[in-house]
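S.K.: Each chain, letter by letter, is given below.
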Amino acid sequence: MSLRTSRSARAGQYVALLGYLVFLAFPFLWLISTAFKPARELGSLHPTWIPEHPTLDNFRKAFDEQPLLQAAANSLIAALCAAVVAVLIATPMAYVLARHRSRLSTVTTGWVVVSQAFPFVLLIIPLFLVLKNLHLINTLWGLIMVYVVWALPFALWMLVGYVRAVPAELEEAASVDGAGRLRTLVSVTAPLLAPGIVATALFAFITAWNEFFFALVLLKTPEKQTLPVVLTHFIGAEGAADLGPLAAAAFLATLPSLVVFAVIQRRITGSLLAGAVKS
Amino acid sequence: MRASVTTTAVAVATALALLLTGCSGTGDGGDGNGRTGLSFLSLAWQKESVDANKQLVKEWNETHPDIHVNYVQGSWDTVHDQLLTSFEGDEAPDVIHDASDDLADFAYGGYLADLRTLLPDRLTSDIPQQSWRTTTFGDGVYGVPFLQEPRVLIANTKILKESGVRIPTPGNPWSWAEFRQITKELTGKGRYGVAWPLKEPVSVTLNLGLSAGGRLFHPGADGKVTIRAGEGDQAVPGAIHDQVNIDHSAARTALGMGGSDTLPGFFGGKYAMVPLGFSYRQQVVEQAPEGFEWTVLPAPAGSGGLAQGVSPQTLSVAETSPHKKEAAQFIDFLLRPQNMVRLAKGDWMLPTGTAALADPALHTDKDGWSTGVAVAKALRPAPAQSVRGYPEWKDKVATPALQEYYSGAIGAEELRKRLIDDGNRVLARYQR
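From first to last, the protein sequence lines stand for chains E and H. If you use my numbering, the first sequence corresponds to residues 1 to 279, in order. If you use my numbering, the second sequence corresponds to residues 1001 to 1432, in order.
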């Protein structure tokens, strides 16, 4: 009886999971379908999942009409730099906050939380003026600085959790065995933190890759603009859109995030499981 | 572990290399050759339109070696926010493409240059006074209106012919009552006579309301504007409401749609007609199935004739631009009659200039151009676009009230109460 209940419960869980997956995948699958449809099929009253006359015209038009490669390169530079710099700053900070608890670390953590409460619309004009004074408007440097600052609180928050999950006893044991502070950090703590660092970098990368508003406001010339900004050029007044090329470009824009996540996710899982079972 | 360290090292090195190679330079487009540099923010988005704009910039740069124009691509979706931060940060483009209904805050805020003394007589006299009124705020003129689009009926020719109804022309349009009757006749067998895409109902209601003598916004002698409803103000919303809720000749499901969303139903024969902006013809041409026959009809007329409100696309000059004179010269070049025609064709819209409107290229029945040209004379400034407090009234009061009214959730009296009583309270806050 218990087994039957368990099986039916498991079946129900799988059905729920399947439903959730379909819910999540639907927009993306529709995007792919739209990207390969000719204009006439986009206007069909009875749309199909599989394009009846699949075409690459939308991709051709998208590349013809907008500088997508340039924009993708800009997005990649901004996202990679933001992820690397955010992790480089956040990791030592997180270590200190997690290991050396004091009134100052409590205040710092509190401030990090509070800093996330400000909506970006409130910050954009002061930020614009600051960057203007630094002559960083319309530069990727300026945008990367903003992305680092924007990602830092959450990255720090994530990493503090990861550092706390690493038992301090391991570091003490290394110390007892004669390892110095630096040796302990490099050989004991850093490998155990790797999954957390990778996850944090992934978070910072995807946040920067998808970010739109700061890029819109801070970058002026077409050769500097990032992908999310260039995608809006397929949208006209009153919500009218050049749907096929927009879908094609949006599909291409989502690929790097998916690839990065697919590659890194396996490493995260692998790292987390490493050493879990002693053979 | 070694592999992990190596991978990390490679990633960091790559990122730093990218950082060093990709982030340098300010890229402000200055050529350092002593030439005047102008930046032109363009919102062109359809391929033909982008091509036309870029080609005109190229021609200008070739013929004006002392004044170099940089084409900057913007987006209709985000232009207001982008401009706001640019103005605040003193980084605005010299020449700004926008629409007249977006200019009021920037004009009153002192961000746009008054163009009265900058523009040549040729351009000033070429564009009719009613178009200039769309960009006049207070005593100044803050943009050159150059493209406009009336709302027209895009109709399925086959259904109209089979039904035997009278086909309207700009000279003899349908009245609103006739339109209602005809949509009833066209309804049946799973088909609706009309689909009103009213995702944003306020501009449609106000703009078409002019045809029935609607005004709603009444400026007083003291300059303050109040909202009052006369008989003419009820005609258009009443007709739409009755088509949806009494005659059932207008598709209820279309009420929440944008214009593009109605096209599949139109092509599939589910709707006989769709009232859309003139530029939607481009999407019809691109997406209509092989052999689909369609035509462009004028919107119904009332006591105001074919009048309807429009918010033209505009070209403005930033007040902070150090090269206002040169910017105005560039605008004059862009809007020479033959160039205005190129821009109009690229955007599938109507030029405001009388010389451009007379161009034979636009006087063709193909794709409904001649119908648009014929109604151009009747176009007026969209009501209330320069009234302070209008955006809040539109978003917080009128949009939900009209949506509920058209769907049948509230009646005409409740609509009137909300639009007027609640609306006047909103306006009063802005006009103290």
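By construction, these hints were calculated from the structure, which means they are not laboratory data. Glycine residues also receive a C-beta, built at the ideal position from the N, C-alpha and C atoms. Any given hint could be a false lead.
[What the hints assert, rightly or not] Not everything, but these chain E residues come out facing chain H in the computed CB check (under 8 angstroms):
(1) Phe36
(2) Ala39
(3) Thr48
(4) Pro51
(5) Phe128
(6) Ile137
(7) Leu185
(8) Thr189
(9) Thr221
(10) Gly236
(11) Ala241
S.K.: Hint by hint, which ones does this structure get wrong, listed from lowest number up?
M.R.: 1, 3, 4, 7 and 8
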